Amino acid sequence: MVNYLAMNEGNISEVNLETQTGVADIGLSSNALWQSVLGEVELICTPQSFRTFWLPTKLISFNNDKLLIEVNNIFAKTQFEKKFAPLINDILKKHGLTRPQLEFITSSTKRREHNEDVMVVETSKKSSGSTPAKFESRLNSRFTFDNFIVGSCNDLAYAAAGAVAEHPGEKYNPIFIYGGVGLGKTHLIQAIGNKITGQWPAKRVLYASTEEFVNDFIHHLRSKTVDEFTRKYRDIDALIIDDMQFIAGKEKNQEAFFNTFNALHQASKQIIIAADRPPANIPTLTDRLKSRLLMGMAIDVNLPDYETRVAIIELKAAHSSVQLPRETAEYLAENIKTNVRELEGSLNYILANAEMRGIEPTPEFAAELLANSRTARPKHITARQIIEKTARYFELKPADICSPARDKYIVLPRQIAMYLLRSELHMSYPKIANELGRKDHTTALHSIEKIDREIKLDITIREKVAEIREVIYA
Amino acid sequence: MKIIVTQENLNRALNIVGRIATTRASLPILANILFRTDNGRLIIAATNMEVSITETIGAKVENDGAITIPARLITDFVNNLPHSNVNLETDGGKVKISAGGYKSTINAALADDFPELPEVKPANKFTIDAESLKEAISKTIIVASSDTTRPILTGVYVYSLDGVIYFAATDGYRLAEKKVMDEKSDISVIVPASTLSDVLRVLNGDEKVRIELDDEQISFMIGDITITSRLIDGRFIDYRQLIPTKTEFSATVDRNEFIRIVKVAELFARESAGSIVLKTKQAGQELSVESITSQIGENNSTIDAEVKGDGVVTLNSKFLLDALNAIGDDKVNLHFSGKLAPVLLTGENDDYKHIVMPVKS
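Quick mapping for you: the protein sequence lines, in order, are chains A and B.
Offset between the first sequence (1-based) and the working numbering: plus 13.
Offset between the second sequence (1-based) and the working numbering: plus 3.
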């Protein structure tokens with residue numbers, strides 16, 4: 014018993030000693046009260062039962078005759094609730110507590126409830142700020158400006174998006190954000206929406222992917238409820254459309270969007286659009302829509318630089334509450350340069366692997382795992398495939414590219430093919446020249462340098478190369 | 004208490020329930036089986052404080068009451084009785100049992116000292132047919148860990164995702180996931196593998212199993228038998244990341260042939276702790292398995308396969324055999340990329356995924 018008292022001393026601080034009504038009367042601190050209960054129980058029950066059920070208990074709180082007692086598992090909880098409660102009541106009665114209320118919890122529930130408490134606080138904050146009327150914005154509250162990592166690659170887009178969120182409908186309307194896959198377009202446009210609803214809970218913000226917009230339109234068209242469609246998309250304060258490029262080629266849908274756009278724009282409602290390329294480069298987008306999309310501000314997000322990538326990795330790791338060594342973050346940032354989604358995917362893959370094997374995610378471990386998935390990549394791709402896919406992209410035959418012809422419409426694809434052979438497969442210049450039926454390696458050298466230069470200057474070339482690259486790896 | 008039951012019923016129930024009773028627990032009474040009358044029937048129960056099993060059997064109840072009897076003794080005794088009616092009658096701390104010419108008196112313990120049986124206050128319930136449950140359990144518990152330092156891996160993760168229930172387990176070296184059935188309710192629990200093997204033993208025939216669960220406990224109701232267990236506390240690892248989606252090499256082979264060549268290779272892999280080398284050859288459309296032991300010799304067997312890519316990977320033969328046995332279909336698909344990436348094995352459809360981590364070589 015002496016041991017037990019000493020063992021439990023640490024818990025006294027958890028118990029609120031001063032404010033209890035019942036305790037003051039009987040002149041016992043609540044912990045001492047529980048000790049005296051245990052003392053009596055020990056005399057009554059078998060030592061085995063005492064050790065199994067009673068010894069691991071703790072009095073968590075004691076307020077207004079209500080005792081909250083922690084027991085070691087769910088099984089013990091059943092015993093206390095069904096079997097031992099009358100016994101405890103009897104003993105407490107002797108101490109002057111006439112009608113004590115008993116509640117038992119297990120240590121795991123205690124932990125869980127504690128977590129839930131925190132969550133409840135958060136959600137209640139959120140709900141107090143939401144619109145009284147039920148309106149579904151379809152925004153994902155995970156995407157905010159706070160957890161968007163800003164670097165030189167996206168600071169302009171970030172600033173513009175921030176300005177739009179501060180003054181919806183006034184500045185940059187529409188705002189058109191474009192960039193390759195996994196660079197944070199969706200994050201940014203959703204953050205605008207979340208910021209607007211956060212600031213003005215009454216404002217209605219609607220987020221829809223182009224696919225959803227198109228499906229909605231077709232659905233209402235079919236069920237002859239176009240009015241409803243019009244109301245849904247026009248009776249709002251901000252419209253966010255993601256993946257605009259998918260509207261290409263759909264005449265009737267473009268018209269529906271065009272009308273929606275005009276109506277909203279005229280009413281000074283904010284329009285926010287994301288696509289994987291600038292409006293000018295979306296084929297079969299009607300000219301009037303193109304010009305409309307460029308009315309406000311079109312701004313691109315680029316590949317994040319090294320520092321930004323490190324910051325992104327560290328934020329993601331912190332989100333999954335993992336202690337990621339700095340070196341591992343740096344290793345990942347150095348080795349994955351394609352896009353944020355791949356960065357995140359690789360990080361998750363490494364963390365999941367580390368968790369499964371129960372080891373620390375060191376840079377060596379990351380290197381080992383990545384070496385696998387990365388070497389796997391180029392092996393898939395042959396020079397043939399690059400030439401073939403480049404040719405097909407330009408609607409040429411592979412033989413055309415390799416032929417001696419010097420027509421302009423063949424020269425550019427050929428140069429791009431050479432550029433890709435160099436950048437993707439790290440082939441030597443003579444080998445590249447040979448692949449494309451050229452005799453002199455300087456041809457390859459010249460072509461690659463030319464494309465390298467033009468990519469920096471000409472956005473259409475950059476887009477084309479990026480698209481072919483995607484086709485190659487698809 | 005005074006009751007009459009048939010030997011067959013009593014024997015079957017004791018065999019199922021008695022397994023749980025344990026002499027190793029800190030509470031001596033847990034080595035006993037509880038007998039209690041309930042509305043004209045007899046409840047037989049045992050618990051080890053993690054799992055409890057109860058079975059209700061038909062009985063002629065002449066006097067209500069309850070008693071606990073040492074599990075080993077009563078199980079062995081009843082097992083040896085002839086097929087006839089068995090009379091049980093309590094007399095203070097003793098119980099008299101007679102059947103035909105067999106008579107015995109056993110020193111029992113009072114039922115008051117027996118722990119209360121747990122009850123689930125179900126937050127969620129669903130039913131599943133025994134066959135599906137059996138398959139889901141047997142295909143996943145084989146890879147659950149026995150390492151108690153990482154408790155979550157000693158269980159099977161039962162959860163719903165997009166309206167489908169999955170069972171998943173891993174021991175850190177391999178991982179299995181079984182898609183089980185459509186179910187709307189939201190479920191996410193880790194059930195101890197030991198509980199599931201108890202469930203597996205009880206499952207037979209084609210009845211439906213009712214499952215009830217709350218945050219801390221799960222109950223399986225199989226006919227007259229109820230198995231209730233605590234759940235493992237914690238968050239299961241985010242294993243879906245580990246299932247390879249695209250792989251460089253693949254082979255589709257006849258499962259029985261594959262098992263045969265792996266078993267042969269295993270004979271030559273004792274020295275290398277069971278590591279065997281798998282090779283795919285696209286040109287010959289074949290899969291070969293190699294193993295080398297400096298003392299015994301070496302082995303190389305080849306079978307026909309539909310192959311994509313020329314790849315090499317080293318696996319543990321036992322893990323591979325476990326996977327092949329669990330898959331059960333006629334054809335097996337093997338997917339891998341390189342020497343270190345996880346190897347994915349599937350059967351003829353995607354319902355069951357088995358992943359084995361390669362051996363470093």
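In case anyone wonders, no lab produced these hints; they're calculated from the structure.
Do not rely on the hints blindly, as some may be mistaken.
Claimed, not checked - Beta-carbon label-pair distances, calculated as ranges:
1. A:A412 - B:K284: 49 to 59 angstroms
2. A:T375 - B:T296: 46 to 56 angstroms
3. A:T375 - B:T152: 54 to 64 angstroms
4. B:A286 - A:T299: 27 to 37 angstroms
What the hints assert, rightly or not - Quick list of in silico lysine to aspartate or glutamate cross-link-like pairs, EDC-like style, CA-CA up to 20 angstroms:
5. A:K96 - B:E122
6. A:K96 - A:E149
7. A:K95 - B:E309
8. B:K249 - A:E55
9. B:K249 - B:D185
10. A:K96 - B:D41
These numbers were taken from a predicted model, which means no experiment stands behind them.
C-beta atoms are modelled at their ideal positions from N, C-alpha and C, and glycine is treated no differently.
Status of the hints after comparison with the structure:
1. In this structure the hint that A412 (chain A) and K284 (chain B) lie 49 to 59 angstroms apart at CB is violated, the actual value being about 32 angstroms.
2. Distance hint check: the CB atoms of T375 (chain A) and T296 (chain B) are about 33 angstroms apart, inconsistent with the given range 46 to 56 angstroms.
3. Between T375 (chain A) and T152 (chain B), the C-beta spacing of about 20 angstroms breaks the proposed range 54 to 64 angstroms.
4. At roughly 52 angstroms, the beta-carbon separation of A286 (chain B) and T299 (chain A) lies outside the given 27 to 37 angstroms, and the hint is violated.
5. Taking the CA atoms of K96 (chain A) and E122 (chain B), the gap is near 13 angstroms; set against the 20 angstroms cutoff, the hint holds.
6. With a C-alpha separation of about 50 angstroms, the suggested pairing of K96 (chain A) with E149 (chain A) is violated against the 20 angstroms cut-off.
7. For the proposed pair K95 (chain A) and E309 (chain B), the alpha carbon gap of about 62 angstroms is over 20 angstroms, so the pair is violated.
8. For the hint linking K249 (chain B) to E55 (chain A), the alpha-carbon distance of about 63 angstroms lies beyond 20 angstroms, and the restraint is violated.
9. Taken as a hint, the K249 (chain B) and D185 (chain B) pair is broken in the structure, with Cα atoms around 26 angstroms apart against an allowance of 20 angstroms.
10. Between K96 (chain A) and D41 (chain B) the CA atoms are separated by roughly 19 angstroms; this keeps the pair inside 20 angstroms, and the hint holds.
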